[in-house]
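Enquirer: Dock chain R against chain F, hints included.
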Amino acid sequence: MITIESVSRTYGDFTAVDDVSFTAHPGRVTGFLGPNGAGKSTTMRILVGLTRATSGTATVLGRSYVDLPNPGLEVGVLLDASAQHAGRTGREILTVAQRFMGLPRSRVEEMLDLVSLSADEAARRVRDYSLGMRQRLGIATALIGEPAVLILDEPANGLDPAGIRWMRRLLRDYADRGGTVLLSSHLLHEIEVIADDLVMIGNGRIVAQGAKSDLLRSEGSMLRALDRGLVARALLDAGITSTPVGQDGLLAHADTAHVGEVVFAAGAPLLELRAADGAGLEELFLELTADTQRDDTSDHHSEGALA
Amino acid sequence: MTTLDAFPAPIPMSRIIATELRKMFDTRSGFWLVASLGILALLATAAVIAFSSNDGMTYSAFVTATGYPMTILLPIIAILSVTSEWSQRSGLTTFTLVPHRERVITAKAFVCVGVATATISLAFVVGALGNLVGTAMLGIAPVWDLTVTNMLTLILANVLALLVGFMLGVVIRSSAGALVGYFVYSFVLPTLFVVLATSQDWFRDLQPWVDFKYAGGTLIDGTVTIQQWEYLGVTSVIWVVIPLAIGLRFVMRAEVK
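Residue numbers (the numbering used here), protein chains in the order written: chain F, 1 to 307; chain R, 1 to 257.
Keep in mind the hints are simulated off the structure, nothing from the lab. Certain hints may be false.
[Claimed, not checked] What the simulated footprint calls covered on chain R by chain F, stretch by stretch (three residues with Cβ under 8 Å from a Cβ of chain F suffice, anywhere in the stretch; the number is not a length):
1) 28–34
2) 186–194
3) 237–249
[Unchecked claim] Short, incomplete list of chain F residues facing chain R, as computed with Cβ under 10 Å:
4) 48
5) 73
6) 151
[To be verified] Chain F is faced by these chain R residues, among others (derived, beta-carbon under 7 Å):
7) 11
8) 89
9) 90
10) 183
Even glycine gets a Cβ: it sits at the ideal position worked out from N, Cα and C.
Chain F with its partners taken away, still in its complex shape (with noise of 0.2 Å):
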């Protein structure tokens, strides 16, 4: 369990992190959103202690970070998978966090194995490694203790695809057995796969947050129209919004059957016309990255969007 309570941090006048507050549960995976930038790292940091917050209090299963007594036993944290002595083996790195902690030196070995860490890898030194390795071995850091809580930043980076789809597996087992996950992404389509619920931030501030299930489900209709004006003033005729998304494409802010009774009236042509599942949620994610973009591809996003 991990609560967040109106957590703020402040750069002289730049706010980093902005009245944040969420809370990640036992049993489920909580996908923390977010465009690079966007205040994840710095809230992911204060909750651990790394990072003091201006305001506001964090707290994991019940105690402030810096009190919990052996922390490895109880939060497993990665925060940057490439933030360890270059000159150190990776076995080395797993030694001394099972040392802090403890534990027997069987682990070591126990981890290795879990993360698929060769012995051959495994002596190398750190310097060496690639960031799916480096990925690796931090989730191996974080696990090592058996603790109740994941904290993991952009877990995914760097892996290949079968990885990611290790890592998915292991999370999803991990909350299943009761495990608290809080991890982070700047990919929704990463998130999405996941996540039990979501937690999205935008320049600091909480922008949505929910059951993934409750965010996905969208009351809209996603249209494609050979005049999409014309269908769009239909539709506000009818007091009906909706917004231009890709070339021909249109959502409508309204159930299918209510659209598509507006346009079967104003005698617009269609090509396409379906719910609009989940397009919210991205539209909602585009407009966040959009300030922050360099590029515009809104277009390009938006058509992912449609197919």
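Expert: Showing chain R alone in chain F's frame:
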């Protein structure tokens, strides 16, 4: 898995110290730094045997020769044990596994002082062996010219030198920066003080109270008077205690990234 009402026992300080000791040796650079202490001790002993005159071959000559490289290297070991947490960013893991940073820093200080004491003791042992072997080869009687007090002040001198490195590590928290700081501290500043003392009358009387190297030198030379202990106390406060206290405040509060 742990539950809400069953928190594990806190991490004992002894375990943090033991783990920090391990971390000092488990990297390639750490290993070779410590190994070089032993290697240099042997080389220095061999050099004294090879080049020293009959009169010059005394226990203190051996100890001085083996101890000198240690006095230079120990502060570097202390610096790296602190700064690597930031420069190598391993602090991200260390300070999440042990979120009370003062415990980690204290453990590092313990380990550094322990390693310093152990290596200087090694210098005494290697020096003694060198003295026995060297004099036997020349067929002269070995000269044992170090008292227990001499040995204790030598240990103190090295611990102080190491604490300077430790302090620089804590204050600067970057390997490169702290190493530069160390050379300024131990080579540039003392020279400046000597120049000032010889050219400026007003500084001449002040020098013993502010020149850490000057005050510490008496520990290596042998007899230390009450006055010299006072010099040493005052300069240690100025150059080690105060900056260390300021650095520790920053370490406790600073963001770990």
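Enquirer: Are the hints correct? Go through all of them and say.
Expert: Hint check:
1. 28–34: This one holds; 3 residues, not fewer than the three required, reach chain F with a Cβ under 8 Å.
2. 186–194: violated (count 0)
3. 237–249: violated (count 0)
4. 48: The hint holds - residue 48(F) has a Cβ within 10 Å of chain R, the shortest such distance being about 5 Å.
5. 73: 5 Å, holds
6. 151: Status holds, d = 9 Å.
7. 11: Since chain F brings a Cβ to about 5 Å from residue 11(R), closer than 7 Å, the hint holds.
8. 89: 4 Å, holds
9. 90: 4 Å, holds
10. 183: Violated. Min distance 23 Å.
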